[in-house]
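Visitor: Protein chains in written order, with my numbering: chain A, 2 to 278; chain B, 2 to 278; chain C, 2 to 278.
Don't read these hints as lab results, they were simulated from the structure. Take the hints with a grain of salt, since some may be wrong.
Heads up, the list lumps identical chains together, so a pair's fine if it works in one copy or across two of them.
To be verified - Simulated crosslink set (SDA-like; lysine to any residue; CA at most 25 Å straight-line):
(1) Lys262 / Glu238
(2) Lys90 / Thr19
(3) Lys262 / Thr244
(4) Lys200 / Glu51
(5) Lys262 / Leu247
(6) Lys200 / Glu168
(7) Lys200 / Ile60
(8) Lys84 / Leu169
Since the model is a prediction, treat every value here as computed from it, not as a measurement.
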Amino acid sequence: MSILNKVGEALTEVRNKTPLVHHITNYVTVNDCANIVLALGGSPVMADDEKEVEDMVAIASALVINIGTLNSRTVNSMILAGKKANKLKIPVILDPVGVGATAYRTEIAKKLIEEIKFSVIRGNISEIKNIAGIKSNTKGVDAEEVTEEKNLVIKEKKILGETLSEELGAVIAITGEVDSISFENQTYFVANGHKTLSKVTGTGCMCTSLIGCFCGANDDYFLGTLAGILSMGIAGEIAHEKTKDLGTSSFRVALIDSISKLDAKIIMERSKINCEI
Amino acid sequence: MSILNKVGEALTEVRNKTPLVHHITNYVTVNDCANIVLALGGSPVMADDEKEVEDMVAIASALVINIGTLNSRTVNSMILAGKKANKLKIPVILDPVGVGATAYRTEIAKKLIEEIKFSVIRGNISEIKNIAGIKSNTKGVDAEEVTEEKNLVIKEKKILGETLSEELGAVIAITGEVDSISFENQTYFVANGHKTLSKVTGTGCMCTSLIGCFCGANDDYFLGTLAGILSMGIAGEIAHEKTKDLGTSSFRVALIDSISKLDAKIIMERSKINCEI
Amino acid sequence: MSILNKVGEALTEVRNKTPLVHHITNYVTVNDCANIVLALGGSPVMADDEKEVEDMVAIASALVINIGTLNSRTVNSMILAGKKANKLKIPVILDPVGVGATAYRTEIAKKLIEEIKFSVIRGNISEIKNIAGIKSNTKGVDAEEVTEEKNLVIKEKKILGETLSEELGAVIAITGEVDSISFENQTYFVANGHKTLSKVTGTGCMCTSLIGCFCGANDDYFLGTLAGILSMGIAGEIAHEKTKDLGTSSFRVALIDSISKLDAKIIMERSKINCEI
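With the sequences and hints as input, model every part of the structure.
Guide: Given below as structure tokens:
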């Protein structure tokens, strides 16, 4: 079966299994994350008190940890939930939002990776470099380095992703104009997406939540990560086509709409994997 | 006057009195709750620090307590605000989101009910069963049991709602495909709504906020609860008609739009109360 | 150059410089604030833990402090970030949401003003009166006093704004049906806007975030505040024209859309500054 057929089937699995995706996430984009999980066919739950996160993750199919609005109260909850998920073989997905922007974020991301075995880590190039211990210029939480020539970026993403994947045993996804998804010594490149995605807050967080849904419904996390990133990129393209010049908020509505209308046929027709850049 | 006429008048009262509805609620759906309160004609305020909740509730017309993202910091605020509201005869409405999913939620819901006299409790069948001390399978926060035959469900909702209402002295609303609203030995059934409501996060929370508005403008909390649930169901139907196949995010926009355009005539024409199922 | 030309240029500067606007704000309207900052051309970051706010504000171009859901945990973060911003000459904008509604809010607003030098304070008449130590009837967080005759209101806003500006060395913006922006002994009046802005939560917060963007891209904070308030008012008018009777949630989508499509020409054509009321 082709990889795109598998992605289509993974979507069907999400819709059939309605995986419960437990999020410990930020308060900025949490509503969009919940709605995009529902739109894809999953079931979101957001709970972050240390008194209940272990119970909650125990009934979940996946755990998403997002450090967008990191605070002392929830760090311990993240660790408790992550460890419990590890014990129960529930996949844990990390979105290291803004790591590198402050010493605290860098320290906490490091701590999370030490204490929890992640199945997937998704970030932009600057965040993933930071996780890998490579210095990078981060400006806020949305930054991407765009200093290098495109082919170099592609090559760098492959090396960075695969090296970090080997080191951590996790799927590493680096999103940007071209997304890379690496596991061990394999890397997919995805060229879907639209630049308006960067004008709506939380498209990265939402992408991570989609990955959570796919990984909650299928044990192949490499496939699940690819499926999540393809879904987001394709939805961005459709949203742009539907809303053209209406503005960024109409785009955002159409983005979640498109996820709710996504099917295997659309994935098959629109996916741009491994294409020549 | 017919009950539907009374609901129509209750809406007019909300619009004339602009009740201030104080919420101590979760950070996932809080924005939609605030916007739907404004759309109906109320005025929302969200404040959760224990240093100010008593002052805030003292100027409010109703208090909504929603445990969606329960945490140790706000539990005490909920109790302080609830007790103050009781003292001032301000109605308190409980949305026991996800109770039963974790031991912590069950414990806190129990504690809230012991310490605060609620005017209304709204939940799905699994949440209300849990409040009543009946075991139920809850999966996350959005679950509904759908194992039984429909007539049995109706009958069970009536018995459960009326028994719990007698015990707690509160209006008990059990929402689902058919909603029931019970007070003492009386139960209304509402068959309005649309299945897409379950594909948008927070439609339960928003429904509870609407109940808060109605109860803040009119002392008849049985009527207020019925009015809130009818409003949500009707808005869901209109939203579906307006957005058809656009997707779940367009539906969500149309849902709040419909509340802002709701009037007595629409309520009269569309309400399905006590109809044969 | 006319003031409107300057506002148009200020918008261009936001788009060219992409100022990073650090927010310590409430969890009700935070997503809309982030999206409207992106729509205008800025870059939002929301971080509130005391362990990282100083690092975050150090890489930002402006700091917005909004006390909408004030709590003990973030008050200290606000003070740390504010003091750091002052040291680095980064403008700090205060939105004293609901000050006067509770003793706690009044106390904290006072403390913030004592500890931090604000470049801009934006509120409604009741909030600004409260900051100035004048008693005012506040009901919740959205209240505006509408007891006085319109000309008196205008005159009062000028006196209040200029007096407070002299006292605090800050630009004082009082938004309402007519907005006033005062600095030292000068006041602009803006008559743009639409009444539906008051039916969407967070339009005040969003306006403050827009001011944050402009002040992060241009050292003239009086101009930046005027630009933010004009942008919001004009966007409200366009949103109403586009959505007419659709409802308040469509209006909200169109509002952020309009900010993303705003340009110098629209500002020039639509601004109503200093006009006779």
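Visitor: Against each hint, give a clear statement of whether it holds in the structure.
Guide: Consistency of the hints with the structure:
{"no.": "1", "hint": "Lys262 / Glu238", "result": "both (13 Å within a copy, 19 Å between copies)"}
{"no.": "2", "hint": "Lys90 / Thr19", "result": "within (18 Å within a copy, 43 Å between copies)"}
{"no.": "3", "hint": "Lys262 / Thr244", "result": "both (16 Å within a copy, 13 Å between copies)"}
{"no.": "4", "hint": "Lys200 / Glu51", "result": "neither (34 Å within a copy, 28 Å between copies)"}
{"no.": "5", "hint": "Lys262 / Leu247", "result": "both (20 Å within a copy, 8 Å between copies)"}
{"no.": "6", "hint": "Lys200 / Glu168", "result": "neither (33 Å within a copy, 39 Å between copies)"}
{"no.": "7", "hint": "Lys200 / Ile60", "result": "between (35 Å within a copy, 20 Å between copies)"}
{"no.": "8", "hint": "Lys84 / Leu169", "result": "within (16 Å within a copy, 40 Å between copies)"}
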